[in-house]
Amino acid sequence: MKKHDIKLSDNSYSFVLTIPATILTAIFIIVPIIQSLIMSFQKYGVKNIISGKPGTWNNLRNYIKLFEANQIPEAAYHTLWFVLFVIILQFIIGMALALVLNREFKGSRFIRSIMMTPWVVPTVISGLIWMWLFQPQYGFAKYFISIISFGNINDLAILNNPETALGGIAIAALWKQIPLTTLLLLAGLQNVPNSSLEAATIDGAGEVRKFVSIVLPYLSPVIKIAMSMSIIENFKQFPLFWTMTGGGPNGATTNFAILSYREAFVSMNLGSGAAVTTIWMLMMIIIVGIYQKSFKVQDMS
Amino acid sequence: MKKVIYVLLVLLSCTITLFASGQKEGNDSSKVVLKVANYALLESGYEQFWKDVETNFESKNPNIDIEWVSAPYGEIMNQVINMAGGGDKVDCIFSEIDWIPGFEDAGLAAPIEDILPQSFINDLYPDVMKAFEIDGSAYGVPLYISPYVLYYNKTLFEQAGLDPNTPPKTYDEMLMMAKKLSQLKDSNGNKVYAFGQTTASVPVSGSSVNAMIFNFGGTVLDDNGKLAVDNDGFKKAINMLKTLDDLSYNPQNAKLKDLRNLFALGQLAMYYDQSWGFNGVRTINPDAENFTASAAPLVGANGSGQSLLQSHCFILVDNGEQRKEALSKFVQYVISEDVLADYLSNLTPAYPAIKSMANLDSINNNPVLKGAAQSASNVKAQPFIPQLKDINLELCTLAQAVTVGDESVSTAIEKFKNRAQSKLSE
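Sequence lines, in order, name chains S and C. Taking my numbering, the leading residue of the first sequence gets 1, the next gets one more, and so forth. Taking my numbering, the leading residue of the second sequence gets 1001, the next gets one more, and so forth.
Just so you know, these hints were derived from the structure itself, not from any lab. Cβ atoms here follow ideal geometry from the backbone N, Cα and C, with glycine treated the same way. Treat the hints with caution; some may be incorrect.
Straight line, CA to CA, 30 Å or less: simulated DSSO-like cross-link-like pairs of lysine-lysine [as the list claims (entries may be wrong)]: (1) C:K1060 x C:K1257; (2) S:K43 x S:K53; (3) S:K236 x C:K1415; (4) C:K1185 x S:K142; (5) S:K142 x C:K1257.
Some chain S residues well away from chain C (every beta-carbon gap over 12 Å; in silico) [unchecked claim]: (6) Y13; (7) L17; (8) I19; (9) I29; (10) I49; (11) P73; (12) N102; (13) R112; (14) P122; (15) I148; (16) L186; (17) S196; (18) E207; (19) P217; (20) S220; (21) V266.
Pairwise CB distance ranges, derived in the manner of DEER restraints [as the list claims (entries may be wrong)]: (22) S:N191 x C:S1248: 55 to 61 Å; (23) S:P73 x C:T1170: 38 to 44 Å; (24) S:Q292 x C:D1114: 57 to 63 Å; (25) S:K53 x C:L1011: 52 to 58 Å; (26) C:G1087 x S:N154: 52 to 58 Å.
So that you can see chain S by itself, here it is in the shape it has in the complex (with noise of 0.2 Å):
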């Protein structure tokens, strides 16, 4: 008998193995996404879900809804504001404990361990600790905050004033981010070649130069990424949100991400919760391509 060889071109392998990829994606996101965004243009309920009926369309009315409510602009001031204080204060004391790790010195490697703590600790927990520690009566911070003003300042309520409720809820991202972000910059620090901060030093280049240089060009990749993630990250926040302010005071910390789970898990409207849902994809999508499109990394091959 003839053997046959059976023989696959190196397109059609490539193909089927992208297969079980693409159909997760298409089952787990693409799918959801094109139903939410359907559901955005339609009255649709829990009376929807639970009897299996679609939803009526009602053009755009949900959105329409939400402007005339003032909720979009106001959950995306508060998720933009959020997003670019936590970022900026997140790179520079996440580069300041990278370098200052990055040099040996007596306890460095016991510290480098220890500082992942927080980002260990799971999210919803972060939240409550920080609650417990902002709590107006009997907190920690007051406490604290007390003892440092020389009992001046009494009546520390972080969370209750809606002036400072969302610098409350940013503090608490930054104990949880700062650690991930140290750890990706000190990765990256450690591959800036000696020879040429060396070779910088003998050509009387002093520390500042150096850093802005050589150490930064090198770390570029790395801070695309670590930053990229932590947008989004902050984004998307929403159980520290939850657990701390659940959006109050007054509204001053509601984000899309509150918006979306009031619209659509509290009010039981599902349509206009995929209506914030959409709009919040479509802005998140914007920023993080303006950030990949305007942040150049340096080639220093």
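Add chain C to chain S, keeping to what the hints say.
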């Protein structure tokens, strides 16, 4: 050949992923399984009671099994809805009264007369049952009821030179007493708040603010469920919230559990709570029974001190004749003197909803609830509309606007009207 093997492996994994499915659990067909959604199982102090209910009910009804569906208080509604969306409906939901319109609108709640015998329904107070009606049918069956009662700390009253047996009857009296109470410090030197009214961003806080509006004779919705806030009582109640905040009598933006905590620790002199909230106080400080007393809700302006009816109730789901019959047995078993008498006397102070428990001394003379005994009959029900949760949350935002937001009462009310109207128009 290697490539072909890899391709076949990929196709095999795809097939397994797509067609893999769990095997349906085998049930003992002779038994009826009742699924009861109950957040209280996760709350300290209540778990044992419900476990005992399960054990004792199953031993009396060997052909019925209770299967609990539990989730935290804030998530139980979503849990039940998600299950129903997947075709797995629970039979019964242990619920707050305010959740009824949402479940009725979702098509889950069934009229109780479809499931319970008329003889049992006749034993429920007709006036109370009116508060559970939508279009003439009751969609929930109460285990027990309560208005928002005023709890106060007798020890702090004494320390402030006030008579611990004469609590305030009106808001004006309360403000006078609050002036003295707010001068106190606890044993650690912490400030003592004079009066607590929850205003945090959770629906139950909105419901409590609504009760305060009723104290002043105001309304939020009319009988048809339309917005009706252009009245003196509504405005005066919101003004009172602002006054309490301006005078630093009320802990800002507090949840009920925060108020319970402060009250238990002796840092809050008076506060409004559902009667069963006292269990939360006792959990924090077992000694609370010695200093806690209750009083009827305060009378504000031209109001009569009317409050909002609160209840823990069962919402029933129609899952076919066999399960309906088992559900009827379960509801009648729980809402009975045998099961609830001890619970209401010792664990959760509240008033029974059935006439046959009316003369129970242990409940009527409960030392914690005694002072508020008459208030149970001075209650008003909020019309059931599907957007009730939204309206309650908007009331919280309004309360926060005039307190932590420093907005004027008239501006905040205008904003509230716009937002509430937008929600009601959905």
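Legend entry - Broken hints, by number: 1, 6, 7, 8, 10, 21, 25
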